[in-house]
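Trainee: We have chain A already, so just place chain B on it with the hints.
There are 2 protein chains.
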Amino acid sequence: MPKRKISLLGATGSIGQQTLDLIRKSPNTYSLEACAAAGNNLDAFIQIVEEFQPKLVSTASASKADDLYKSLSLSVKNKIQIIHGEASLKEVAAFPLSDTVILGLVGALGLESALTALNCGKRTIFANKEPLVMAGNLIREALNNNKEAVLIPADSEHVAVHQCLQGQNFDKVNNLYLTASGGPFWNEKNLDFNSIKPAQALNHPTWKMGHKITIDSATLMNKGLEVIEAYSLFEIPYDKIQVLIHPQSLVHSMVEFIDGHVLAQLGPNDMRLVLQYALDYPSRQNNLTDKFLNWKEINKLEFFEPDLEKFKCLKLAYWAGKHAQTYTACLVAADEIAVELFLQEKIKFSQIPDLIEEVLNMHSAQEPKTLEIIQKTDQWAREQAMNLYKTKYI
Amino acid sequence: MPKRKISLLGATGSIGQQTLDLIRKSPNTYSLEACAAAGNNLDAFIQIVEEFQPKLVSTASASKADDLYKSLSLSVKNKIQIIHGEASLKEVAAFPLSDTVILGLVGALGLESALTALNCGKRTIFANKEPLVMAGNLIREALNNNKEAVLIPADSEHVAVHQCLQGQNFDKVNNLYLTASGGPFWNEKNLDFNSIKPAQALNHPTWKMGHKITIDSATLMNKGLEVIEAYSLFEIPYDKIQVLIHPQSLVHSMVEFIDGHVLAQLGPNDMRLVLQYALDYPSRQNNLTDKFLNWKEINKLEFFEPDLEKFKCLKLAYWAGKHAQTYTACLVAADEIAVELFLQEKIKFSQIPDLIEEVLNMHSAQEPKTLEIIQKTDQWAREQAMNLYKTKYI
Chain A
1 MPKRKISLLG
11 ATGSIGQQTL
21 DLIRKSPNTY
31 SLEACAAAGN
41 NLDAFIQIVE
51 EFQPKLVSTA
61 SASKADDLYK
71 SLSLSVKNKI
81 QIIHGEASLK
91 EVAAFPLSDT
101 VILGLVGALG
111 LESALTALNC
121 GKRTIFANKE
131 PLVMAGNLIR
141 EALNNNKEAV
151 LIPADSEHVA
161 VHQCLQGQNF
171 DKVNNLYLTA
181 SGGPFWNEKN
191 LDFNSIKPAQ
201 ALNHPTWKMG
211 HKITIDSATL
221 MNKGLEVIEA
231 YSLFEIPYDK
241 IQVLIHPQSL
251 VHSMVEFIDG
261 HVLAQLGPND
271 MRLVLQYALD
281 YPSRQNNLTD
291 KFLNWKEINK
301 LEFFEPDLEK
311 FKCLKLAYWA
321 GKHAQTYTAC
331 LVAADEIAVE
341 LFLQEKIKFS
351 QIPDLIEEVL
361 NMHSAQEPKT
371 LEIIQKTDQW
381 AREQAMNLYK
391 TKYI
Chain B
395 MPKRKISLLG
405 ATGSIGQQTL
415 DLIRKSPNTY
425 SLEACAAAGN
435 NLDAFIQIVE
445 EFQPKLVSTA
455 SASKADDLYK
465 SLSLSVKNKI
475 QIIHGEASLK
485 EVAAFPLSDT
495 VILGLVGALG
505 LESALTALNC
515 GKRTIFANKE
525 PLVMAGNLIR
535 EALNNNKEAV
545 LIPADSEHVA
555 VHQCLQGQNF
565 DKVNNLYLTA
575 SGGPFWNEKN
585 LDFNSIKPAQ
595 ALNHPTWKMG
605 HKITIDSATL
615 MNKGLEVIEA
625 YSLFEIPYDK
635 IQVLIHPQSL
645 VHSMVEFIDG
655 HVLAQLGPND
665 MRLVLQYALD
675 YPSRQNNLTD
685 KFLNWKEINK
695 LEFFEPDLEK
705 FKCLKLAYWA
715 GKHAQTYTAC
725 LVAADEIAVE
735 LFLQEKIKFS
745 QIPDLIEEVL
755 NMHSAQEPKT
765 LEIIQKTDQW
775 AREQAMNLYK
785 TKYI
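Residue numbers (this note's numbering), protein chains in the order written: chain A, 1 to 394; chain B, 395 to 788.
Chain A with its partners taken away, still in its complex shape (with noise of 0.2 Å):
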């Protein structure tokens, strides 16, 4: 397998920081080109540097690039350039040293990035799936008009399918099913949804991730951006994808084939893992010898419906998907709204699908054929879902 020279967006978050561990794991295999973070968590940020000491560093503004030059020792400073700004995410991601580009960031951050590097032709590895849930069709278009582009999924339940469908006929796919922890509440007959608290919300049973994506479990909005995310990765039809709670998060995803055959993705859960086959594909090594699952512990695994009317976010995500156009990018950043409101306790857990769909009733879709359109009705939707709980929630 060649080295992979990694462009990591996203760099002190959860998926920044799962890489950088690979990384440290294996550097005969993988190395830090270039990388960005916004620069919230400075501390962490110059550790990165000082031990990675990538050639190109990006933060958000001009006095995070300061404070992050001012902290770094003389002999890493003069080695790297430090860059900043929303625009040079995507130098980053352009990086000619860089093969392979890691899209770590929160949210609708990563679209024009993940573009970026698809059109300069590099494997790009989707941590963050906003951009392939906005703008599928622009990110299909890039990836088919650069042969040397790659596109690889970070999610668990995407690289589960991924693994799944290797070495079969796409058209011969009967049913794929995501499965989802379920987040802490999907089995909690007597919990009123009003009353649930941010803590309680990102208290996740089985993975270890950011807030946004926290919440999206708890609320299953997270299994609706897969569900889309899944129908623009391989291009299944809607009524093919089905959602199924498994609280075991074991099976990370399922296809089953017109001929009645299942195949089944099984794996512990560590998010490096996915990084790693992600990086790897598609060859595999063992650079995380301990991660096994043991069967002599496992005696159990469960499946069950998920409650649409219960989980109205899931039901949202497939309405959203199935209708098409600039819905999905509405969604996504409605979605994001609605989850920054509940984490500051401006309103409450069940209000989140409430404020995402009156936003959903509200956009005048269309199709979404430039970055332009999406980058649009992102904004449009952000300041509606403000507006909203400004006007109705406060």
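Think of the hints as simulated: they come from the structure by calculation, not from any bench. Keep in mind it's a predicted model, so treat the numbers as computed, not measured. The beta-carbon is built from N, C-alpha and C at its ideal position, and this holds for glycine as well. Mixed in with the good hints, there may be bad ones.
[To be verified] Looking from chain B toward chain A, a few residues come up when the C-beta cut is under 10 Å (computed):
# : residue
1 : ASP664
2 : LYS694
3 : LEU735
Mentor: Same frame as chain A, now just chain B:
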């Protein structure tokens, strides 16, 4: 998918009947060109020949051939050729109008036909595993020497592994997990193995199969033979082939890769699905529409390690596989005699492994370079097993 023109060996057995059911359901996809049956169930054989009118029909003896001929309607008997004797099996396997051979014979009988089918460049479907166990090296050699030939398993476990390995590099396999229902006795803590009667051992919890394989399932010898079969098919070392008891029989087998990712194949317990996969590969079709797993009804999948001290047949099979040479042929032959003696209530259930072990201990193994060497081993082991029975077990 081109139409599969089938030679079916073992037409009246369990595999045969299920193959015929598939042909009946998809007459545009499959046709029966030739078939063989011993003729012990003459009524069933007559019915098959009348219904499918294969061009070539083989049966065990001249008298069976005569009985069959006399019982057929005039219009049918004028269209078909009836041949007899063990050597006639090879003619069915080599029949020029067939492109696909299904080996549905019991035990060692199919070996010569298997080699003939591969040497004639046919798609050769191994629904009986013994040839692969006895002479994996000769079968691989025949496959490698005939570019047109295709070898496909039709054991649910190996069809599972076959699917999990599609598009994968075999060098990256960490473990194959062959699942076993465990048969009726794996979890009987206080059962005296000396007291088990054939009727109890024939009461398999999940699969409906022939008598020999059902007893082999109860002793776990069937799983042991499958371990050797897996080695023959995929050339994965024995220390990477594991057996797991899985009472629900829904996960048909699994492959763990070196990076910790596991692929599993699941499906309803229907041997026709397995045969259909073997017939259609690399295509798939849906002609058994009612056969899908219903996830709403499944909520438990359990896995346990087998007790090798209690199920000595499995231990013996690993031993024979690892020691290779003619030990695997010896194992198959001794097991056939032991199971037959048990079915006739001449030896106890607990004596099946004892008898086999004694034959293995007495065997002077050699390289299985030729069919003759394997056939001689087969004959020797049968005689030794009978001698041992007569001298020590009566």
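Trainee: Which numbered hints does this structure break?
Mentor: 3
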